[in-house]
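Chains A and B supply the protein sequences, listed in that same order. Residue 55 in the numbering used here is what sits at position 55 of the first sequence, and the numbering runs on without skipping anything. Residue 308 in the numbering used here is what sits at position 308 of the second sequence, and the numbering runs on without skipping anything.
The hints are simulated quantities; they were obtained by calculation from the structure and are not laboratory data.
If chains are identical, the list can't say which one is meant, so a pair holds when it fits in one copy or spans any two.
Heads up, simulated DMTMM-like pairs for lysine to aspartate or glutamate below, C-alpha to C-alpha not over 20 angstroms straight-line: (1) 32 x 334; (2) 274 x 169; (3) 49 x 188; (4) 21 x 287; (5) 150 x 28; (6) 3 x 68; (7) 95 x 69.
Protein chains: 2
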Amino acid sequence: MDKDINVGIFGLGTVGCGVVKILQDNADVIKKRLGFGINIKKVFSHTSKCKNLLSNYTYAKNYKELLDDDIDIVLELIGGTDVARKFVLEAIEHKKHIVSANKALLANHGFEIFSKATQNGVKIGFEASVAGGVPIIKVITRDLMANNIKSIKAIVNGTCNYILSQMFETHESFENILNKAIKEGYAERDPSFDIDGIDSAQKMAILAAISFNAKVEEKDVYVEGIRDIDFIDIDFASQLGYRVKLLGIASMNENKLLVRVAPYFIESDNVLAKVDGVYNAISVISDMTGQTTYVGKGAGSLPTASSVVADIIDIANDIQSGQVKSALQTGIFDNVEFVDVDNLESHYYIRFSVVDSVGVLGNIALVLSKYNISIKSVVQIGKGSDVVPLLVLTHKAKEANIKKAIKEIEKDHQNIIKNGTVLIRVLD
Amino acid sequence: MDKDINVGIFGLGTVGCGVVKILQDNADVIKKRLGFGINIKKVFSHTSKCKNLLSNYTYAKNYKELLDDDIDIVLELIGGTDVARKFVLEAIEHKKHIVSANKALLANHGFEIFSKATQNGVKIGFEASVAGGVPIIKVITRDLMANNIKSIKAIVNGTCNYILSQMFETHESFENILNKAIKEGYAERDPSFDIDGIDSAQKMAILAAISFNAKVEEKDVYVEGIRDIDFIDIDFASQLGYRVKLLGIASMNENKLLVRVAPYFIESDNVLAKVDGVYNAISVISDMTGQTTYVGKGAGSLPTASSVVADIIDIANDIQSGQVKSALQTGIFDNVEFVDVDNLESHYYIRFSVVDSVGVLGNIALVLSKYNISIKSVVQIGKGSDVVPLLVLTHKAKEANIKKAIKEIEKDHQNIIKNGTVLIRVLD
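Generate coordinates for the entire structure from the input sequences, incorporating the hints supplied.
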């Protein structure tokens, strides 16, 4: 029987308390399967949602105590990038293995942290930083290691997926559903981090980095959110056999990497189209295995904590074996060129807000054709009001041209076009 | 840089040739990520579909050569249970680590093999034995290790899923689709192993064993196949909002284990209902993570081989670290009590073949009510022919009562009931 492994926890928020619960409630099954136990040795937290669980444990006076000799693994569960970065780098210098659920930290300071970890021979577990309870990090870095990954298509933000699913089901407006989501706790009081795609962008930077062994950070991700999506768009999409989803996409074409987060029209028989509510789903397309898809709760105390504990167990096994080995740290992160999205081609859905008058479509069609954009289908919804939506689905066109055309239409036809043109790509 | 790892391959069929292709085509990326290479040292095979790939490698004269000192891991890719068992046990005695894709071997001799492996300190990789390219074995034994698993619901046979999906889409008969599947290579010339549920039963025995740390073998699995499913059943199901799928179910209730393979009515918004064609999907419900679902190709040369190579890499990392550690071998397999399915309750779909005459429904209803089975909905399809299908959906009833009722109806009413009553459970 190996010796027990001691962990120190920095941060007792939603995830931290979930970790405490799992390590306590399932201590027996973990010990039975592992052959040794996992002890919570020290905890440091400014606030605690679960002090009651921890009566037997020592609260530290400051985080330095988590770096004591008898602690093997420290958990960074405070979030944010300032204190978290300082703490993690300091812990690595003290030869502590790290488990973190902090996507912002990894998407912005990951390579600094990983290189320092490699120098100090410690391991960074970050399964919980992407898609909560779905073990996508280990799947990519270990189970698919013999594959060249071609692309990732993912729903990694449960809040946006919940909102879009609810709009589809209830036919209600974005605002109504968002407010409902905030009430029900599916969205933050300040929802911008989720609905503007920032959360998804951080997660996609991490997934792209490990999938393509590439230096990818948050700043490298093209981001569009779902703020402007209206039920009209979702309804038009479903009439054409599509669902609207906020997707994260990472793909390598001719040695250039695309990492983008944006709403997409996806065919309703695509497995991702059928993932609704707060669920996350990641489809990985690789050369040998083909398409595999991983679906589960992307957030929540226990699912996320379960991934944290899986990392603890993974590192604990390494410690017992006497050699810490991480697929990720042996992999080299290369500098890569990123695709210029203006050169990409796609089918596009465009919603213009137009004055309901004669000749509007003609004017718009002229500008589109000037930029070699041909219309596949068009619908104008007369609502009796003076400004009505004009919905256009295009054939394949170059993104630069679409953007130029929209700008020109909005500039030269202000008499018939109101602002707030909405552009959504159709997933190939 | 660690030393390269040498593998010996027994069997160059579909999977074996896939392994050779992956280890050759992706040698660079594997070496880059691992920090060392994987060499194919020796191969023994009676027949080879890929001799051309192997010109540089040594063909062994007999499998004993695969047990030479310079081979670290042997791959058992011949299938079957006689020679495969003999070879694997002998290889373990020679302290060789084993990777096998052989579900029949593991579902029938797994515990003999695992205990011998534990005695000899070697590891058994068997990711490829269940669901081809889907890394479900590692997910359960490692990523969900901190969880108590409550149940598994899975589509693990691509042939059956293809046939049922095609019947749903084309409205054609089971026979027509099966013949098409055989022509297109989605089904074997002798399809009984797949369509009678045997293949699924072997896979479910393996999944149940690792999910519940329980001694489960093929003989412990209740099995029904899809031979008797007619388009009528699929059509009736879809009218009520269900899809018909061959499911493997493993669940623990009050310390009794149920492992069953059978066709089920499942609600069409269940994620498994949306997995069509040759794809496999496994839903795992666990106490902390909740429901997670894993979808991918369940068969095929490269997806299956990719899982074999993932096992090789996993074991190779252990070898390099100097200590081989397997979640499975440290876990203890307990003897468990199995559920008596006659005591289970469920909603049931029953298709009687009845003579189209007055009083038929009355007679059937009487017998059902005698056994406390109440009818939720019933449809009789008059086809002008003398024998017509009578479709019944029941409220919750005890399985023993359903079976007794059907037997009594078939026995006492031979004048109105023709044989071939079909019973399908409704998934809760």
